[in-house]
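Enquirer: Sequence:
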Amino acid sequence: MDIHTFMFSLWISMPSWIVVLIFIIIKSIQDKSKGNSNEKWKRIIIGSLATVPLTIVIILFYTLKILYPDGNTVAFSLIFYFINVIPLTLIYVVILWFIEKCIDQVKKLKVLN
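Position 88 of the sequence shown, counted from 1, bears residue number 603 in our numbering, the numbering being contiguous throughout.
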């Protein structure tokens with residue numbers, strides 16, 4: 516795999532990174548308004564880890580497209596992008612939201628005990 520394919524793969528995966536970063540920023544602003552800024556770093560780590568598998572999948576996809584260049588690469592790439600990358604990004608946002616709700620529930624249980 517050459518450097519151009521690697522950079523293109525990272526560029527294609529940027530919307531998922533941007534969506535997760537926007538989610539982290541919104542949650543961090545909400546935490547600052549509540550006076551809890553320590554959760555920001557946990558959220559940044561979780562968000563970064565959530566986007567790593569998506570980036571790996573995209574890099575592997577473009578590597579396979581170079582090794583097996585059957586068909587129209589541009590059209591196939593766009594189909595892949597709209598069918599897989601956007602729903603995966605939404606799934607990661609839902610996972611992050613679910614983790615947030617679980618952390619909130621655990622905090623509430625600790626307060627009750």
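If you are wondering where the hints come from, they were derived from the structure by calculation, not from laboratory data. Even glycine gets a Cβ: it sits at the ideal position worked out from N, Cα and C. Among the clues, some could well be false.
The calculated lysine-lysine pairs, modelled on DSS-like cross-linking and capped at a C-alpha distance of 25 Å, are [unchecked claim]:
{"no.": "1", "residue 1": "623", "residue 2": "542"}
{"no.": "2", "residue 1": "622", "residue 2": "542"}
{"no.": "3", "residue 1": "625", "residue 2": "542"}
{"no.": "4", "residue 1": "542", "residue 2": "616"}
Here are the simulated distance ranges between beta carbons [as the list claims (entries may be wrong)]:
{"no.": "5", "residue 1": "624", "residue 2": "571", "range": "30 to 36 Å"}
{"no.": "6", "residue 1": "533", "residue 2": "625", "range": "32 to 38 Å"}
{"no.": "7", "residue 1": "613", "residue 2": "536", "range": "16 to 22 Å"}
{"no.": "8", "residue 1": "541", "residue 2": "620", "range": "18 to 24 Å"}
{"no.": "9", "residue 1": "537", "residue 2": "619", "range": "32 to 38 Å"}
{"no.": "10", "residue 1": "627", "residue 2": "533", "range": "33 to 39 Å"}
Enquirer: Check the structure against each numbered hint from earlier and tell me which ones fail, lowest number first.
Expert: Hint check: 9 fails alone, others pass.
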